[in-house]
Amino acid sequence: MSLSTIEVDDVRHEFNSETFRDDYTFSNSPEAIARFPFPFDRDEYMYAVNIEQHMPGPPKSATEFPIDIDEHYVAEMADRARVLKEDPLRCQSLPHMLMAEWDLLDLLMTSMARDYPRWFSLERDGRKWHWINRPLGIEQRFVFGDPTTLPQGPMEYVTRQCQGDFCLLDQRDNNLWLDAGIVTSQADWSLDFDLGMNFIEWHGPVPLAHNMNIFDRALKFLMNLQQGRPVRRLNWTMTVNPRLDTSPENYHRWGIDRTTVTPENVGDKVHLRVELQALWRLPRSNAIVFSIRCYLIKMGELVTQPKWARRIHRVLRDLPPELAEYKGLTNYRAATLEWLSQYDDGAPTSPGFYPD
Amino acid sequence: MSDIKSRPIWGRIRPVAHAARHFVCCEGSSAARHVAETFSPNAEALKQVTILYGNTDRNEEAGHTLDALGAEASLHYPTRQTLLISFKAHLKRLHMGAQIYLCGPEAFLNEATAIAESHGVLKEAVQTELCGANARRVQCVHCKGLIENVAYTPIACEHCGVNLMVRDHYSRRLGAFMGVCVDAEAPGDLPARESF
Amino acid sequence: MAGESFLVRVTHADPVTTSVKRLRMQAIDGKTLPPASAGSHIILTLKTPNRLLKNAYSLLPSSLDGGTYEVAVLRTEDSRGGSTFVHDALSEGSELTISTPVNLFPINRRARHHVLVAGGIGITPIAAMAEELFRDNRSFELHYCIRNEPNGAFLKDLQARYGERVHLYHSDIGERFGVAKALPQQRIDTHLYVCGPEGMIGAVLNDASALGWLQENLHAERFLSPGGGDPFDVVLRRSDIEVTVGEHESLLEAIERVGVDAPHLCRGGACGQCRCSVVEKDGIIQHRDHYLTQEEREAGDAIMTCVSRLKGQRLELDL
Ligand code: HEM
Ligand code: FES
Numbered sequence: 001m002s003l004s005t006i007e008v009d010d011v012r013h014e015f016n017s018e019t020f021r022d023d024y025t026f027s028n029s030p031e032a033i034a035r036f037p038f039p040f041d042r043d044e045y046m047y048a049v050n051i052e053q054h055m056p057g058p059p060k061s062a063t064e065f066p067i068d069i070d071e072h073y074v075a076e077m078a079d080r081a082r083v084l085k086e087d088p089l090r091c092q093s094l095p096h097m098l099m100a101e102w103d104l105l106d107l108l109m110t111s112m113a114r115d116y117p118r119w120f121s122l123e124r125d126g127r128k129w130h131w132i133n134r135p136l137g138i139e140q141r142f143v144f145g146d147p148t149t150l151p152q153g154p155m156e157y158v159t160r161q162c163q164g165d166f167c168l169l170d171q172r173d174n175n176l177w178l179d180a181g182i183v184t185s186q187a188d189w190s191l192d193f194d195l196g197m198n199f200i201e202w203h204g205p206v207p208l209a210h211n212m213n214i215f216d217r218a219l220k221f222l223m224n225l226q227q228g229r230p231v232r233r234l235n236w237t238m239t240v241n242p243r244l245d246t247s248p249e250n251y252h253r254w255g256i257d258r259t260t261v262t263p264e265n266v267g268d269k270v271h272l273r274v275e276l277q278a279l280w281r282l283p284r285s286n287a288i289v290f291s292i293r294c295y296l297i298k299m300g301e302l303v304t305q306p307k308w309a310r311r312i313h314r315v316l317r318d319l320p321p322e323l324a325e326y327k328g329l330t331n332y333r334a335a336t337l338e339w340l341s342q343y344d345d346g347a348p349t350s351p352g353f354y355p356d
Numbered sequence: 001m002s003d004i005k006s007r008p009i010w011g012r013i014r015p016v017a018h019a020a021r022h023f024v025c026c027e028g029s030s031a032a033r034h035v036a037e038t039f040s041p042n043a044e045a046l047k048q049v050t051i052l053y054g055n056t057d058r059n060e061e062a063g064h065t066l067d068a069l070g071a072e073a074s075l076h077y078p079t080r081q082t083l084l085i086s087f088k089a090h091l092k093r094l095h096m097g098a099q100i101y102l103c104g105p106e107a108f109l110n111e112a113t114a115i116a117e118s119h120g121v122l123k124e125a126v127q128t129e130l131c132g133a134n135a136r137r138v139q140c141v142h143c144k145g146l147i148e149n150v151a152y153t154p155i156a157c158e159h160c161g162v163n164l165m166v167r168d169h170y171s172r173r174l175g176a177f178m179g180v181c182v183d184a185e186a187p188g189d190l191p192a193r194e195s196f
Numbered sequence: 001m002a003g004e005s006f007l008v009r010v011t012h013a014d015p016v017t018t019s020v021k022r023l024r025m026q027a028i029d030g031k032t033l034p035p036a037s038a039g040s041h042i043i044l045t046l047k048t049p050n051r052l053l054k055n056a057y058s059l060l061p062s063s064l065d066g067g068t069y070e071v072a073v074l075r076t077e078d079s080r081g082g083s084t085f086v087h088d089a090l091s092e093g094s095e096l097t098i099s100t101p102v103n104l105f106p107i108n109r110r111a112r113h114h115v116l117v118a119g120g121i122g123i124t125p126i127a128a129m130a131e132e133l134f135r136d137n138r139s140f141e142l143h144y145c146i147r148n149e150p151n152g153a154f155l156k157d158l159q160a161r162y163g164e165r166v167h168l169y170h171s172d173i174g175e176r177f178g179v180a181k182a183l184p185q186q187r188i189d190t191h192l193y194v195c196g197p198e199g200m201i202g203a204v205l206n207d208a209s210a211l212g213w214l215q216e217n218l219h220a221e222r223f224l225s226p227g228g229g230d231p232f233d234v235v236l237r238r239s240d241i242e243v244t245v246g247e248h249e250s251l252l253e254a255i256e257r258v259g260v261d262a263p264h265l266c267r268g269g270a271c272g273q274c275r276c277s278v279v280e281k282d283g284i285i286q287h288r289d290h291y292l293t294q295e296e297r298e299a300g301d302a303i304m305t306c307v308s309r310l311k312g313q314r315l316e317l318d319l
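Protein chains in written order, with this note's numbering: chain G, 1 to 356; chain B, 1 to 196; chain E, 1 to 319.
One or more of the hints may lead you astray.
[Claimed, not checked] A few chain B residues that face chain E, going by a derived Cβ cut-off under 10 Å, partial list only: (1) Arg7; (2) His95; (3) Glu124.
No lab work stands behind these hints, which were simulated from the structure alone.
Backbone N, C-alpha and C define an ideal beta-carbon position, used for all residues, glycine too.
Okay, chain G solo, but in the shape it has when bound (with noise of 0.2 Å):
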């Protein structure tokens, strides 16, 4: 079902057209540059626990809501589309994850419709669920828990509506197990092959963190994850080109761009790549949704900012060279530093994240 064009024509004009591929024209608001969930709060980074509560952050601003929607929203999901399109793999369930599905389709559309009302509806009556997705110009009614009423299973249905990419993990043996998944706008790791793997598992290529005994410790704290009671952290790599779909399945044709990179380009094509990842417990399932929600900026946007324009060059130039490489900047990290250098005075940065 879809909804008249004039109601979406209503609400289109606040997102960006842009892409993700070919011309790249993916680019962000100063509004956009703002809110950018930095994720640096020191000159300095090295792997942590860094696992908060997820509470409501200032307004506006990446946290203010549980899933937060913004302007890259229509072309992010029109990528995630494409890539679905190409490589149905991207999007598995094993058949044991079905409730934990439909879990997760009752917690972003009643985030959804709770926080951004002008864009997205849900009316319940019992079991008949009416939803409302004006940006997309999509109307569905549908059973909740009839898997026959919707036109994919629950978890594609509602995150080919929903940005970031999102894996239910199913608890069991005192361990988690990743046996669900959409996954179109990952940091170089396949969703195919870590698919039924354990948190020890799929983290295995993961450098020093293991020997820091950061696995286990998060491990032992997410099984105690509590519904009502999310967590997050934040996660970064770099990426050349604003290309969301940095799969290694895609690896052997985007991998030559991390040689384009000169000190000419790099305020345009280098990108600092910024997962919020979100945990929840979901209730009817008992499974744990990990939400893997992709900012990307680039190098010139984020130096409008003096604080990270300092900071961010710092944390590349010492980043120790095991996480260098295994974040894969070795072939451009040099002419990076070298242009970033010039915003870098040397001035104490203040604590903290946001900007001064």
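Fit chains B and E with the ligands to the known structure of chain G by using the hints.
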């Protein structure tokens, strides 16, 4: 050796005293001899043992050592594929309390453990031991093709032709190591070949 | 880490047998009780005349939509008087505080056959599991051990709904559930769940292990250990403040209550942010975090304020 935690660590097979049944699946003559040695002191348990043997290196003698154990059943198959078809059929009929033993080369263990897992058998119910070649089963992350018996890295994918580095990252569900493009950032520039 | 809590009103209170009482609850503070997975329990805060009690009870089957919770409570001579209070003091209209559901006894959804075993009041989480499996059209069987029929809570309902899947054992005529006899030849992807008196749980688990079942296929009910503990005093040396940490609050919460801004992040013993140096103590630290190493614990000069406590009278912190 890398310390990637997903990499499988094979163990030693040891008959479990209180198991209600023992179910052995092995490939290759050195595995067959090792199974015979391991089970022969457990004469009493042997009435409850089923052995499937993949005679992949055409060694009848090793097969006879297995038969001579006097297990409840000792069945021979000519290839890995036929061995694993039978393995699946037997798995469907197993009951709680059964203990599974897998013994053979790496690529056989890769595939057989994934089959057991897909039949709902917990990894704790499966004992494994590496006996034979280290060559791996590999999934090409680009085209998803599986490549059997990969002895070294890098290797060109036999399906799509991309030059792959075989990582230690391992999927128990797929029963395969990950192969990922090695020269994406420097086309044609391949590191020296390393055997497993 | 405590979850959310809800203020609820008892909307129905009825006897199920002569010694079991069922309570149905609904939220009254404008919230809706979320749905719960089978095997979940909630903590009821009971204001008994002597003291505040926090007791865990398993939830009976819940609907996909949530909205109400039901528990069934057996009258026992427990030392703290919680069940007596539920039976004698709670009735329709009573108001109380409950926690969000926690599930430490979940169904293993990968299993392809489920064996449910209940003894007496242990039927409550087991009945929730049966209902969930039934609703999802999964393969299961239910073994229910009772003294006699009038004593079997929910017996008629279970039989009417699940028919042949229900197997009964009457202890007053000497019937016992035995794994070997009741469960020969279970398919290899079976999981077993047991809830009942401790002795019975132990016997079932032992029998199954002896028959070669793996620990991973066996599940017994567990409750969340209550977060609190005995009260103790804490002195914040740098702030020059003294406060008593109550039995139902964490050390971190007590510190925050007196307005001291103590560092923290995860509030669950994992991130290390709340680590605090101990200046003096007259007891033993109960370390409940996942952060400190064994050596650090033994040294006893640091405490994670979000989860750990003192077993003693007085703790002095560098804060
Ligand atoms: C439970 C849900 C989680 C999922 C599904 C998940 C998934 C992943 C995946 C797939 C990777 C990439 C590994 C690779 O290179 O193949 C990764 C990296 C990582 N994860 Fe997680 N993760 C989760 C939670 C956490 C938590 C709670 C922490 C807390 C410490 C954490 C810390 C990390 C770190 C430090 C990295 C390396 C990132 C980098 O340097 O770019 N993860 N995670
Ligand atoms: S707040 Fe994270 S360990 Fe205490």
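Hints, one by one, checked against the model:
no., hint, verdict
1, Arg7, "violated, 22 Å"
2, His95, "holds, 5 Å"
3, Glu124, "holds, 5 Å"
In this structure, the one hint that does not hold is number 1.
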